[in-house]
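Student: Quick note, my numbering runs 781 ahead of the 1-based positions in the sequence shown.
Don't take each hint at face value.
Keeping only pairs whose Cα atoms sit at most 20 Å apart, straight-line, the calculated EDC-like set for lysine to aspartate or glutamate is [what the hints assert, rightly or not]:
| id | residue 1 | residue 2 |
| --- | --- | --- |
| 1 | Lys1021 | Glu1002 |
| 2 | Lys1164 | Glu1000 |
| 3 | Lys958 | Glu1064 |
| 4 | Lys980 | Glu959 |
| 5 | Lys1025 | Asp936 |
| 6 | Lys904 | Glu1129 |
| 7 | Lys814 | Glu889 |
| 8 | Lys902 | Asp936 |
| 9 | Lys1084 | Glu1065 |
Taking CB as the label site, the calculated pair distances span [said to hold, decoys possible]:
| id | residue 1 | residue 2 | range |
| --- | --- | --- | --- |
| 10 | Asn1120 | Ala886 | 29 to 35 Å |
| 11 | Thr1161 | Lys1025 | 21 to 27 Å |
| 12 | Glu1000 | Ala886 | 42 to 48 Å |
| 13 | Phe1115 | Lys1084 | 35 to 41 Å |
| 14 | Ala817 | Ser837 | 29 to 35 Å |
| 15 | Glu1159 | Ile823 | 50 to 56 Å |
| 16 | Phe1005 | Lys1025 | 20 to 26 Å |
| 17 | Leu905 | Lys1084 | 28 to 34 Å |
| 18 | Ala966 | Leu905 | 32 to 38 Å |
| 19 | Pro1043 | Asn1120 | 42 to 48 Å |
It should be emphasised that the hints constitute simulated quantities derived from the structure, not laboratory data. As the structure is a computational prediction, the values presented were derived from the model and not from experiment. Glycine is no exception: its CB is placed at the ideal position from the N, C-alpha and C atoms.
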Amino acid sequence: MENLIANMFSTISSLKVSYKQLQSAHVPYDPSKIKAADRAVINELERLSELKNSYSERLALLSSGADEEGVDSTAHDGKEGKSIILKSYEGIISSFHNEIQQKNAVVENLKDMLAQTTLKKEKLEKRVRRLEQKLAKDPLADPAVDLSPTPQLLDYVVLGASEASRAFTKLLTSLMKESKWDLDAAANSIEPNVNYVGKMDKKFAFESYVNHRMLNGFESENFFVSSGLSTVIDPEKNSKECFKEFQELRSADAWHVVTSNPQSNFSKYCLKRFMDVVHPKMEESFFGNTDHRKQVLSSIHPKSQFYQSFLKLAKAMWILHRLAFSFEPNARIFQVQRNVEFSPSYMESVSRSGEADCEISGVTCKVGFTVMPGFRVEKTIIKCQVYVVSSSKEAEHS
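Kindly generate the complete structure, drawing on both the sequences and the hints.
Tutor: Right under this line is the structure:
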């Protein structure tokens, strides 16, 4: 019995050490150390379980012997005392289990926060590098003034369109929350049966929804808002006109453009895409009416924060399209289908938590869905932004 108690003390001490190692493996974040420390904690818990079973077996044998040999009350009291001690340690083990579960929940939240912060940092660094490369080529270069279409400029404009989409999506989802929407159900209706890694990752489904509708018809020279064969009749002239429109609209106020020239293709694009993105039931749930829709259909563009945010998004997508059609041949849009294996050569993950989950599980990352399409121009590939999931978890939903 003394050996049993000594083993229990030793195992609890080892459990404490393993638990501390598990905590320290998260800062800095190290998937391999986390996996090893987690295994060590499980081993110690299994060892405690074995000691508990061993004690139960010995207690049963002693009880049986006492009945046959008439063991005196002093021995019985000794066994009861040891039983109380062991029960107290069972309580300690149970509290360890509870504490580990609580700490794991905290760690998961911190991992999500770290992943999103790291992603933002990487995107900012990427943007700084682009600007540095641009300035290195021409110290007097102004991002708002470019003399000809280049892959670097297209990359910069794609980034701006992605940021505008993210800003509008954030406003859209905040209105959904205020209107008591079931965001889980809404996200699932956009991208069904996706096993999201982070709690906040469903926002990427809404971003995908916005981008898909805003960029639908991108392969047409004017998003199919009007008929035109300029690219076929005189492709060189059309490319120059597209780049001129890109330069003019890039620095212009979107609201002024749509109100001063309501028959322009850009104005028609804004009208059509507002109808596509914000359906009547959605608008009515947000504002209690469909005044935005009625005004836009009457060529009256509201000055509300919601509509102004939409115009910024529409302008960012339209000038991206104009710039893409400024190249000869035109820049081509592409996206990646679900369950395709993640490839960093032409894809970019929007969430670090998804990649980290694959690393920890030791499985292949696969595409859950495309968030922002990619582009090909000349010999340059502007990566497609995707939400990745581990292949094992995706198989669970198949």
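Student: Indicate, hint by hint, whether the structure satisfies it.
Tutor: How the hints compare with the structure:
1. Lys1021 to Glu1002: With a Cα-Cα distance of about 13 Å, the restraint between Lys1021 and Glu1002 holds, given a limit of 20 Å.
2. Lys1164 to Glu1000: Holds, at about 18 Å.
3. Lys958 to Glu1064: Cα-Cα ~13 Å, so holds.
4. Lys980 to Glu959: holds (19 Å)
5. Lys1025 to Asp936: holds (18 Å)
6. Lys904 to Glu1129: holds (11 Å)
7. Lys814 to Glu889: holds (16 Å)
8. Lys902 to Asp936: Holds - the C-alpha atoms of Asp936 and Lys902 are around 18 Å apart, at most 20 Å.
9. Lys1084 to Glu1065: OK: Lys1084 and Glu1065 at ~18 Å, within 20 Å.
10. Asn1120 to Ala886: 29 to 35 Å: Between Asn1120 and Ala886, where Cβ atoms are some 30 Å apart, the hint holds.
11. Thr1161 to Lys1025: 21 to 27 Å: Since the Cβ atoms of Thr1161 and Lys1025 sit about 22 Å apart, the hinted range of 21 to 27 Å holds.
12. Glu1000 to Ala886: 42 to 48 Å: holds (46 Å)
13. Phe1115 to Lys1084: 35 to 41 Å: holds (37 Å)
14. Ala817 to Ser837: 29 to 35 Å: holds (31 Å)
15. Glu1159 to Ile823: 50 to 56 Å: Since Glu1159 and Ile823 have Cβ atoms about 53 Å apart, the given range 50 to 56 Å holds.
16. Phe1005 to Lys1025: 20 to 26 Å: Cβ of Phe1005 to Cβ of Lys1025: about 22 Å, so the range 20 to 26 Å holds.
17. Leu905 to Lys1084: 28 to 34 Å: Cβ of Leu905 to Cβ of Lys1084: about 31 Å, so the range 28 to 34 Å holds.
18. Ala966 to Leu905: 32 to 38 Å: holds (33 Å)
19. Pro1043 to Asn1120: 42 to 48 Å: holds (44 Å)
Checked against the numbered hints given earlier, this structure breaks none of them.
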